[in-house]
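K.L.:
Sequence:
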Amino acid sequence: MNGFLIFTKIFRMKALKHIFFFGIFFIGFRGQSQITVHPMVFAGYEYQNSNFGEVGARFIFLKNDNVLYRVSGSALMGKVNGEFAVLPKFQGDILLNFEKNVDIQHSYYFLAGTEITPQFVAPKAGISLFGIIDFTGGYAFQLGNSQLNDRVMEGLNLNFTVNIPLVVFSKSKKNK
Numbered sequence: 131m132n133g134f135l136i137f138t139k140i141f142r143m144k145a146l147k148h149i150f151f152f153g154i155f156f157i158g159f160r161g162q163s164q165i166t167v168h169p170m171v172f173a174g175y176e177y178q179n180s181n182f183g184e185v186g187a188r189f190i191f192l193k194n195d196n197v198l199y200r201v202s203g204s205a206l207m208g209k210v211n212g213e214f215a216v217l218p219k220f221q222g223d224i225l226l227n228f229e230k231n232v233d234i235q236h237s238y239y240f241l242a243g244t245e246i247t248p249q250f251v252a253p254k255a256g257i258s259l260f261g262i263i264d265f266t267g268g269y270a271f272q273l274g275n276s277q278l279n280d281r282v283m284e285g286l287n288l289n290f291t292v293n294i295p296l297v298v299f300s301k302s303k304k305n306k
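Letter by letter, the sequence shown follows residues 131 to 306 of the working numbering.
Among the clues, some could well be false.
Beta-carbon label-pair distances, calculated as ranges [said to hold, decoys possible]:
| hint | residue 1 | residue 2 | range |
| --- | --- | --- | --- |
| 1 | 191 | 212 | 15 to 25 angstroms |
| 2 | 281 | 229 | 37 to 47 angstroms |
| 3 | 253 | 279 | 23 to 33 angstroms |
| 4 | 294 | 274 | 13 to 23 angstroms |
Only pairs whose alpha carbons sit at most 20 angstroms apart, straight line, appear in this in silico DMTMM-like list of lysine to aspartate or glutamate [as the list claims (entries may be wrong)]:
| hint | residue 1 | residue 2 |
| --- | --- | --- |
| 5 | 254 | 284 |
| 6 | 254 | 280 |
| 7 | 193 | 284 |
| 8 | 193 | 280 |
Source of the hints: derived by calculation from the structure; they are not laboratory data. In this text, a Cβ means the ideal position worked out from N, Cα and C, and glycines have one as well.
Between the sequences and the hints, there should be enough to build the whole structure, so can you do that?
P.N.:
Here's what the structure looks like:
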């Protein structure tokens with residue numbers, strides 16, 4: 131066999147493998163209970179070799195209250211080396227609490243996640259109170275040689291966030 135035929139055969143095998151696992155993934159979700167999505171807005175503070183204010187939007191995905199998945203996008207805004215800077219950020223988190231049949235025990239969640247910007251990627255861990263107030267800490271790793279206003283953004287990462295569910299702003303419908 132020539133090299134091209136071997137390449138196409140291997141490519142087809144890999145493609146079929148990916149399609150198979152993709153199909154299994156969706157079949158698994160089809161048999162499960164429905165996933166609920168809750169949109170939120172949030173504001174907070176982040177320390178990453180400089181002080182930043184943060185505002186953004188977040189979506190929470192859940193089937194029950196034990197495991198929550200969050201995806202968010204935000205903007206970090208602050209002064210870095212005397213110049214104002216805005217830094218886009220994408221973030222993914224998993225919140226865990228496996229206490230059963232005890233409402234007060236569901237007031238906190240253990241949080242693990244990762245945030246990524248054009249300058250750094252930062253794995254983090256923390257705690258979320260009522261899913262509203264988050265305290266996290268981690269370590270940021272610089273991406274390539276990127277800097278923000280001549281400052282390397284590698285090092286300790288601390289974050290405090292207040293989440294506001296958008297359901298708070300919706301009007302309640304009364305049946306008369």
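K.L.:
Confirm or reject the claim that residue 253 and residue 279 have a C-beta distance inside 23 to 33 angstroms.
P.N.:
holds (24 angstroms)
K.L.:
Range hint 13 to 23 angstroms: satisfied by the CB atoms of residue 294 and residue 274?
P.N.:
violated (35 angstroms)
K.L.:
Taking 37 to 47 angstroms as the stated bounds, is the beta-carbon spacing between residue 281 and residue 229 within them?
P.N.:
Once the Cβ atoms are compared, 42 angstroms apart, the range 37 to 47 angstroms for residue 229 and residue 281 holds.
K.L.:
Taken at face value, is the distance from the CA of residue 284 to the CA of residue 193 at most 20 angstroms?
P.N.:
This hinted pair is violated, its Cα atoms lying about 36 angstroms apart.
K.L.:
Could you see if the CB distance from residue 191 to residue 212 stays within 15 to 25 angstroms?
P.N.:
violated (40 angstroms)
K.L.:
Does residue 284 lie within 20 angstroms of residue 254 when you go C-alpha to C-alpha?
P.N.:
holds (14 angstroms)
K.L.:
Between residue 193 and residue 280, does the CA-CA distance stay at or below 20 angstroms?
P.N.:
The hint is violated at about 44 angstroms.
K.L.:
For the pair supplied as a hint, residue 254 and residue 280, is the alpha-carbon distance within the 20 angstroms limit?
P.N.:
With a Cα-Cα distance of about 25 angstroms, the restraint between residue 254 and residue 280 is violated, given a limit of 20 angstroms.
Checked against the numbered hints listed earlier, the structure breaks hints 1, 4, 6, 7 and 8; every other hint is satisfied.
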